[in-house]
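Enquirer: The lines below spell out each chain.
There are 2 protein chains.
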Amino acid sequence: MNNFNLHNPTNVLFGKGQIENIANKIPADAKVLLLYGGGSIKKNGIYEQVTEALTSHKVIEFGGIPANPEYAVLMEALSIIKSEKITFLLAVGGGSVIDGTKFLAAAALYDGETPWDILTKNIRTEVGMPFGAVLTLPATGSEMNSGAVITRAETKEKYAMGGPGLFPLFSILDPTVIKSIPQRQLSNGLADAFVHVLEQYITYSVGANLQDRFAESVLQTIIEVAPKILKNPSDYEAASNFMWSCTMALNGLLSQGVPSDWGIHMIGHELTALFAIDHARTLAIITESHYTQNLDSKKEKLAQYATRVWDVTEGTMEERAKAGIQKTTEFFKSLGIDTKLSDYTADYEGTAELIAKRFTDRGWLKMGENGTLTPEVVSTIVKMSY
Amino acid sequence: MNNFNLHNPTNVLFGKGQIENIANKIPADAKVLLLYGGGSIKKNGIYEQVTEALTSHKVIEFGGIPANPEYAVLMEALSIIKSEKITFLLAVGGGSVIDGTKFLAAAALYDGETPWDILTKNIRTEVGMPFGAVLTLPATGSEMNSGAVITRAETKEKYAMGGPGLFPLFSILDPTVIKSIPQRQLSNGLADAFVHVLEQYITYSVGANLQDRFAESVLQTIIEVAPKILKNPSDYEAASNFMWSCTMALNGLLSQGVPSDWGIHMIGHELTALFAIDHARTLAIITESHYTQNLDSKKEKLAQYATRVWDVTEGTMEERAKAGIQKTTEFFKSLGIDTKLSDYTADYEGTAELIAKRFTDRGWLKMGENGTLTPEVVSTIVKMSY
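Chains S and B supply the protein sequences, listed in that same order.
For what it's worth, this note's numbering labels the leading residue of the first sequence as 1, then goes sequentially.
For what it's worth, this note's numbering labels the leading residue of the second sequence as 1, then goes sequentially.
Don't take each hint at face value.
Because identical chains cannot be distinguished in the list, a pair is counted as satisfied if it fits within a single copy or across any two copies.
The list that follows gives simulated cross-link-like pairs (lysine-lysine, DSSO-like), each with its CA atoms no further than 30 Å apart [what the hints assert, rightly or not]: (1) Lys357 - Lys231; (2) Lys16 - Lys366; (3) Lys121 - Lys25; (4) Lys228 - Lys327.
Read the hints as simulated data drawn from the structure, not as lab findings.
Throw the hints in and build the complete structure from the sequences for me.
Expert: Structure follows, in structure tokens:
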């Protein structure tokens, strides 16, 4: 097990009826900016619950944060934060709204030249404006971690950012929200959380038995509840396990003391930026190729995964590893998610070279847990995914 | 899954060489009281590492906190905290030293009549004096939770206490310390952590699949590493899994959204108070009788435990449940821990009635996850454990 430093101060309020508790969690004298996305919260009753809870607070609203939170839109929100002297941010939405709010929490207190630097110069935020979240779409884990991904449409690029000052002060996780989520987004959430776990688990062994078992626990639970959720999103038991699994998949616990990969995400982000394919679906496109290409270095963990998670008990280590990859692809398909780039666009020629060039231009020359994910290997993986 | 409220702000620094980081974690202008136990830290090198890290801090020492931290001893430490105007507490030891430090963190800021009230009137501590911990004995999980158990020798009683103000600010978990721990205490730590998980897991199902799997993960890991640790405490891989499992067994994660029992602990504490039997061993004495007596209400979870953790696949639910109980007893014995009260004392007659009367006197009339653990049932369980 590697050394680690774990600190996650987010207060999670989980379950039915928890939204009303935001009133006690936000300082009474705060001036609140309520941030949301496309407006689904006005249809599913969440908006009413939130505004009712905040009747004693001063609240201004900012809606319209798009999926893949967009820099230009966030800059509009930032100017409101400054002009209205906002002191507390409340994200009501999924990962995009929460990620956008994290950028704003960082930008609001940033004293450098331009907030753009936070993204391009990898500036970690030690202290951000305090914020909370009401999660309406389980998937990204953003509700209990300190990271975010921001998009700039102009340049078709996505940037990761974060820092210890960007944990939500609190997050409300009420699984009853799941019944109002469209199937496509439920599938995306299940696939996204699943790959979050894989990125922290399918690497090489450092003898971290407990972390391995925790990762397997989340994967097994997602596999267990996925068909139930897709069949009946009103199944509270399945919904609560789905929601809690998504949070635990990326709240920092699984990655303590073990290597992480994140190669699938790095490549996947480019597919979203280039083709506007849903984030989760880009992960499903890349996973099989990535693991097939990196079979040698990952086969021990892939075989363990196949055996413990998918009950593959026959065959050599390599055979079980390959079976684990196959099971993963089948799982994505069972969610109704296609796993080839050509399923999403006819215009895929040259994508591999373009993404490889972007990696090169950014200096991402040796990525992945072993530093062997070179731009050349990235190009091969993307081609295998066509 | 039941509703829950999770908030664990403790910063865990895990691994080799982490002790030197306490210097950055304790405010430079703090006046520190360094608390420890019987002095083993002066033999295993921990004391030197801690004092070396704190050469720039003002530090006073208080040693001699006994196993089962004793109220009278802690009151001596409290008078030093007041007379020396201490502002930060540093526990260097196992669960007893950390628990004692939590009592002091609460008592130092308590403005009631006497700190004794904290124990007898169940006063929760919202804000305590800040403190950190350097863990030298994995077992109790106290290093990452906000609870403590304090003993008063005069009356042979143990009291639970706690509150959100009693999370350690940081805890250092360096597994290299394990090689200097006597076998008896290693066995105790393994058994203690194991039963911590059982108390949060062997209840009734509320459809919390992920919590169940996390609990099983900790149990499986403890079972895996136990023989390695006892054979070779210098095995860093086994030691690190052991240490992290003990922390995860009782840092609040496993109990979120599920019922908890704690019947074994409540009865076990009385055996320690009456006979000075090691805490972990009292748990081993009570477990089999408790689960046998409560088989009807616990058999679903016991059978799941038997199948998933011990690979018992044959038989009816009741048969598998009984096999799970038997496996647990065998596990304690594999640690060199006897599981009957008569193995520890010849003077056990009347113990059942005495403990039942104590439960009655305290108004503990309906304990356990179903409220069915009456003083009468307690008496039956203790008799079965003779």
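Enquirer: With 30 Å as the alpha-carbon cut-off, assign the pair Lys16 and Lys366 to within, between, both or neither.
Expert: between (45 Å within a copy, 27 Å between copies)
Enquirer: Checking an output row: Lys121 and Lys25, CA cutoff 30 Å. Within, between, both or neither?
Expert: between (33 Å within a copy, 28 Å between copies)
Enquirer: Have a look at Lys228 and Lys327 and pick one of within, between, both or neither, based on CA distance no larger than 30 Å.
Expert: The answer is within: 19 Å in one copy meets 30 Å, while 34 Å across copies does not.
Enquirer: Taking 30 Å as the upper bound on the Cα-Cα distance, should Lys357 and Lys231 be classified as within, between, both, or neither?
Expert: neither (42 Å within a copy, 53 Å between copies)
Against the hints set out earlier in the document, a violation occurs for number 1 only.
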